[in-house]
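Peer 1: Chains as they are written, first to last, in the working numbering: chain A, 2 to 469; chain B, 2 to 469.
These are calculated hints, taken from the structure and not from any lab test. Predicted model only: the values in this text are computed from it and were never measured. Among the clues, some could well be false.
If chains are identical, the list can't say which one is meant, so a pair holds when it fits in one copy or spans any two.
To be verified - Computed cross-link-like contacts, DSSO-like style, restricted to lysine-lysine with a CA-CA straight-line distance of at most 27 Å:
hint, residue 1, residue 2
1, 129, 356
2, 356, 465
3, 356, 132
4, 417, 334
5, 333, 217
6, 271, 51
7, 35, 51
8, 132, 334
9, 71, 35
There are 2 protein chains.
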Amino acid sequence: MNYFDFQPQNNKKLPLYEQLYRFLISSIQNGSLKEGEKLPSKRQMADLLKISINTIENAYGMLVAEGYIKARPKSGYFVCAITEPVATKKTSKRKEWSPPPNLPVSFLYDFHTGAVDTTFFPYATWAKITKEIMADNRQLLNHGHPQGDSCLREALCQQVAEMRGIFCQPEQIIVGAGSEYLLSLMIQILPTQSVFAMENPGYGKNYHIIRNHGRKICPIPLDSEGMQVEQLAQTNANIAYITPSHQFPMGMVMPINRRMQLLHWACEQKNRYLIEDDYDGEFRFHGRPIPALKGLESNDKVIYCSTFSKSFAPSIRIAYMILPETLLAIYKKNFSSYACSVSRFEQHVLYRFLKEGHYNRHLNRMRTIYRGRKEKLTEELRSLPQSNKIMIIGENAGLHLLLQIGNGMNEAQLVKSAAQVGVRVYGLSQYCPVATPIPSNWVVLGYAALEQGEIEAAVRLLAKAWFE
Amino acid sequence: MNYFDFQPQNNKKLPLYEQLYRFLISSIQNGSLKEGEKLPSKRQMADLLKISINTIENAYGMLVAEGYIKARPKSGYFVCAITEPVATKKTSKRKEWSPPPNLPVSFLYDFHTGAVDTTFFPYATWAKITKEIMADNRQLLNHGHPQGDSCLREALCQQVAEMRGIFCQPEQIIVGAGSEYLLSLMIQILPTQSVFAMENPGYGKNYHIIRNHGRKICPIPLDSEGMQVEQLAQTNANIAYITPSHQFPMGMVMPINRRMQLLHWACEQKNRYLIEDDYDGEFRFHGRPIPALKGLESNDKVIYCSTFSKSFAPSIRIAYMILPETLLAIYKKNFSSYACSVSRFEQHVLYRFLKEGHYNRHLNRMRTIYRGRKEKLTEELRSLPQSNKIMIIGENAGLHLLLQIGNGMNEAQLVKSAAQVGVRVYGLSQYCPVATPIPSNWVVLGYAALEQGEIEAAVRLLAKAWFE
Numbered sequence: 002m003n004y005f006d007f008q009p010q011n012n013k014k015l016p017l018y019e020q021l022y023r024f025l026i027s028s029i030q031n032g033s034l035k036e037g038e039k040l041p042s043k044r045q046m047a048d049l050l051k052i053s054i055n056t057i058e059n060a061y062g063m064l065v066a067e068g069y070i071k072a073r074p075k076s077g078y079f080v081c082a083i084t085e086p087v088a089t090k091k092t093s094k095r096k097e098w099s100p101p102p103n104l105p106v107s108f109l110y111d112f113h114t115g116a117v118d119t120t121f122f123p124y125a126t127w128a129k130i131t132k133e134i135m136a137d138n139r140q141l142l143n144h145g146h147p148q149g150d151s152c153l154r155e156a157l158c159q160q161v162a163e164m165r166g167i168f169c170q171p172e173q174i175i176v177g178a179g180s181e182y183l184l185s186l187m188i189q190i191l192p193t194q195s196v197f198a199m200e201n202p203g204y205g206k207n208y209h210i211i212r213n214h215g216r217k218i219c220p221i222p223l224d225s226e227g228m229q230v231e232q233l234a235q236t237n238a239n240i241a242y243i244t245p246s247h248q249f250p251m252g253m254v255m256p257i258n259r260r261m262q263l264l265h266w267a268c269e270q271k272n273r274y275l276i277e278d279d280y281d282g283e284f285r286f287h288g289r290p291i292p293a294l295k296g297l298e299s300n301d302k303v304i305y306c307s308t309f310s311k312s313f314a315p316s317i318r319i320a321y322m323i324l325p326e327t328l329l330a331i332y333k334k335n336f337s338s339y340a341c342s343v344s345r346f347e348q349h350v351l352y353r354f355l356k357e358g359h360y361n362r363h364l365n366r367m368r369t370i371y372r373g374r375k376e377k378l379t380e381e382l383r384s385l386p387q388s389n390k391i392m393i394i395g396e397n398a399g400l401h402l403l404l405q406i407g408n409g410m411n412e413a414q415l416v417k418s419a420a421q422v423g424v425r426v427y428g429l430s431q432y433c434p435v436a437t438p439i440p441s442n443w444v445v446l447g448y449a450a451l452e453q454g455e456i457e458a459a460v461r462l463l464a465k466a467w468f469e
Numbered sequence: 002m003n004y005f006d007f008q009p010q011n012n013k014k015l016p017l018y019e020q021l022y023r024f025l026i027s028s029i030q031n032g033s034l035k036e037g038e039k040l041p042s043k044r045q046m047a048d049l050l051k052i053s054i055n056t057i058e059n060a061y062g063m064l065v066a067e068g069y070i071k072a073r074p075k076s077g078y079f080v081c082a083i084t085e086p087v088a089t090k091k092t093s094k095r096k097e098w099s100p101p102p103n104l105p106v107s108f109l110y111d112f113h114t115g116a117v118d119t120t121f122f123p124y125a126t127w128a129k130i131t132k133e134i135m136a137d138n139r140q141l142l143n144h145g146h147p148q149g150d151s152c153l154r155e156a157l158c159q160q161v162a163e164m165r166g167i168f169c170q171p172e173q174i175i176v177g178a179g180s181e182y183l184l185s186l187m188i189q190i191l192p193t194q195s196v197f198a199m200e201n202p203g204y205g206k207n208y209h210i211i212r213n214h215g216r217k218i219c220p221i222p223l224d225s226e227g228m229q230v231e232q233l234a235q236t237n238a239n240i241a242y243i244t245p246s247h248q249f250p251m252g253m254v255m256p257i258n259r260r261m262q263l264l265h266w267a268c269e270q271k272n273r274y275l276i277e278d279d280y281d282g283e284f285r286f287h288g289r290p291i292p293a294l295k296g297l298e299s300n301d302k303v304i305y306c307s308t309f310s311k312s313f314a315p316s317i318r319i320a321y322m323i324l325p326e327t328l329l330a331i332y333k334k335n336f337s338s339y340a341c342s343v344s345r346f347e348q349h350v351l352y353r354f355l356k357e358g359h360y361n362r363h364l365n366r367m368r369t370i371y372r373g374r375k376e377k378l379t380e381e382l383r384s385l386p387q388s389n390k391i392m393i394i395g396e397n398a399g400l401h402l403l404l405q406i407g408n409g410m411n412e413a414q415l416v417k418s419a420a421q422v423g424v425r426v427y428g429l430s431q432y433c434p435v436a437t438p439i440p441s442n443w444v445v446l447g448y449a450a451l452e453q454g455e456i457e458a459a460v461r462l463l464a465k466a467w468f469e
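Chain A on its own, in the form it takes in the complex (with noise of 0.2 Å):
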């Protein structure tokens, strides 16, 4: 080994130490230096390469520490046994890093039932708060409460005692990033060998978690009054996932009778659980919102979950659900060591928005938009010439709809006649996870996020499109 081979370069952004430390991996790597070869003594390479001890010292730590070589108490450094590395694929270069492919932007509307208006979001209350919560928290920075902060649950149990008639307890509640999230964590806190009954056509994101988790999925049709309760007891599911208070994307609300028999099915066995998902429960335009098929059981056997990505905004990451003392017992048992997944600032945020009536201010803002909004689209539809050939679906709750289109097109036709106009709608075929039989000429509308303006103009465009 000839150590002169070491050449320093000036260069600040790599220090000697780090330059010798390198120049030792790579003779060690390329053979030049031996398994079991001695080095020189920090002095004797110090006066070798007429660099300082210091400099010396810093480069042999850092091998000793990461293995390249060792130490041997009175007698030196030596260099190790290294394994050869594994033969390298090629490796690729490192690409131009490029946002993934986006929607044509050829639509000059989008019916998208993911959509939400968030230009209405009370986005000054919320920096106001934000500011004051980070203003005096510091203590906000250490671990809170596994569930969310007890605050935050308690507020959440008044909210859904006055608006959706459930009488629950903060501690059964657990708060989390997103409904996603909170899916992800029933799924493996409900019994491993379940089976799950989703509505079908359901909500595809949702199929796609359970399936994820390598758990079973009964797709179980659905009537006017949503899932069919005859079928689901055929089948060996054990969990119903439902959306009762507005089907999606069918649209219906459950009524009371469906909500009984489905009840009734998951009290005769053990292991069966309802999943109440009430994504747009808080959208309702005549009346006071339906009340949640969990205010009425007495008999612990539906998880409600809801979520504010409908209600706020999609990126604030807050959802919750509310589970049975049963079900309770085995997250407290087997997941209350993980942290919860929503920063606690956010946390206190969404706390005060709640306790100081900031949320339900909004709630009413955003029910009157999207009712004019619904109200628009209705009115456009019905007062068209063709009104006749177009039934309207689903149209009392949440923000879609649907349409049936008596024009002699078939939905393919019917969203690509759209398109081709500049308006964007969507098949209902694509809510349908499976295959399932049904009408050939309907189309979904996500009305939430297109003004009064847009929806007439969307509306003329359609026509022209379906019906010229």
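Given chain A, work out where chain B should sit, using these hints.
Peer 2: Below, chain B without anything else, positioned relative to chain A:
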């Protein structure tokens, strides 16, 4: 049915229509209104009860919406067939919420390994940037990229390149709400039949997470270099979960040779991967941090994950992982519909923290502070008259160290006698998720949250407990 039984109350909280609605529901429930029975028309009912027709309309509307009654065109309102509710269990009364039982408050000093000192967190800068981000970024209310916003992933790429010697693409990075969330995602991305080799002793929470997903675990004993590869090779595990920068809790740094051996093991079969958990790799006190194992490989076999919980604050739930290309493809196929679980506002605050150098300044500061504490602790221990009975292990990195105490006490006695003088230390066996032959007289001390003065006082108490 006698409708005059309806006794309206003067109740501001319960409007008249809601009172009528409730009255009619209870009449249906108690059988005074029977299935199929016709209700008075709205006009008749209004005359009968001397209340406005609007009120009747509201009440009937709600009953129709919830499926208690139905309207038959030109014929009137009829009571629906409703399944009896399930016989109810006795409802437990709402208990007062009480926080979960805490640690006894009698500890003066707690050497908890999970604690960090948030006193030095640059709170003012964090709050200022949060305020700035919130000031003009309304668009952050909408959905961001599922893997985390690209500006943050670019900054993380740069960070791991400079600090950990890893060269990756932003596309490979997934940002999530804490390392627990990401491990859960990893488990689902890895082949379903995967068996996880885990360090023993190791981090118990990760054992939990893997078991909660129903995956099998092979605990692998350690030697002075970390996970024993020969033992690993004898199992059917295909995933090895390791903490090479600073083994938790034993504290050793995995030398280059063991790293190479593990990479060889991983490359032997297609479905084998290493998970490198770099939970406190930033905290090395002599020389620069040990480069990550991920930086050594070119065969795409290492999933790297790291968190900001240790370096920032436990309640800031931001972690990230770097996926090999093969697993990234699976992620994109099955998981890219999942929204990012971290609030976009916090993502952008962290991005600016990284970009503007606040993060590295904070790290350097904390490294100095923690080194001071570690040196104080080791000096105090070494200057005890009984220091020859104390062996200090794993002190070069991370935020905890181990002590082997040769005073004849076993682990339980060491912990108990320390508790009696008000100091909390942790027995090594607590960190063995499965029974392992470990030395019987080792304790673990996390020193990150104790100031130098506290450390001095705590060591004096420990000396009293253990040697007097």
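Peer 1: Please name the hints from earlier in the document that this structure breaks, with their numbers sorted from lowest to highest.
Peer 2: 2, 6, 8
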